[in-house]
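A.B. asks: With the sequences and hints as input, model every part of the structure.
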Amino acid sequence: MRIATWNVNSIKAHFEQVTEWVKAEKPDVLCLQEIKCEDHNFPAAAFEELGYSCAVHGQKTYNGVALLARGKIENVVRGLPGDASDEQARFVMATVFGASRPVTVGGLYLPNGNPAPGPKYDYKLAWMKRLHALAMDMLQNEEAFVLTGDYNVIPAVLDMKRPEAWVNDALWLPPSRAAFQELVSLGLTDAWRALHPAEAAYSFWDYQAGAWPKNNGIRIDHHLLSPQAADMLVAAEIHRDARGHEKPSDHVPVVIELK
DNA sequence: ATGCCATCCAATGGATGA
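Under the working numbering, the final residue of the first sequence carries the number 259; numbering is consecutive throughout.
If you're looking for bench data, these hints aren't it; they were derived computationally from the structure. Some hints could be false.
Claimed, not checked - Quick list of simulated restraints, FRET-style, between CB atoms:
1. Glu182 - Leu158: 13 to 21 Å
2. Glu199 - Glu164: 15 to 23 Å
3. His239 - Val167: 26 to 34 Å
For glycine and all other residues, C-beta sits at the position ideal for the given N, C-alpha and C.
C.D. replies: Below, the structure is given as structure tokens:
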């Protein structure tokens, strides 16, 4: 079973690229972030024609996430638990089938947090606390799960081309990294890094200042796996070629394979 | 680098992103 994540920076603006990629790659599960549309404007019918079921948690203009899966989807959760007053659409989770055992997949768009310090950074750290609490709860079940998406966290120096550019950025500040590390310390596995321990590779390149031709990127799109899912992990790949497309998203797909 | 580009909604610019 192949599980992909892709921050598409508007499903409307990049619909053709996303559907072409889906046709070519045929992932079993695809988590999309920044769809930037309400539920009723998500092109679910087009994905259903390609064989997918859709769980959508949309929002006008900003944010918005979707989870697509071949076959049935069960136990859909829309919105990150832990704060009923949170109106930002940044989390969708469901149980999918087709691997050696059922897998629960959470698709997330973690808050950017800039400028830091400030209320946006406070929101980011609070959101990460809620994600930590959810992961702790889910670990009690001893089942296979994957929390994947745009984490907006650079885990380590190896995950960026120009470390000096991110010193005061919310994606790299010590509290952000510490919160990410606390997720890993619960027993979760950063799938791509586990399979490529010394490789520098990126999943985001800014639109500005020639970041793409200079390969001035960062790795911020991750799959965190429960121990039961990590036992199934056989491959992880970053589809960097997608960034070279005309009018691309600023993120590229990241795909893992579970046996 | 103080968003240089890109998206959205709306409207000849503002908010947001990382």
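A.B. asks: Does each hint hold? Answer for all of them.
C.D. replies: A quick look at each hint next to the structure:
no.: 1; hint: Glu182 - Leu158: 13 to 21 Å; verdict: holds, 20 Å
no.: 2; hint: Glu199 - Glu164: 15 to 23 Å; verdict: holds, 21 Å
no.: 3; hint: His239 - Val167: 26 to 34 Å; verdict: holds, 29 Å
Consistency with the previously given hints is maintained throughout, with no hint failing.
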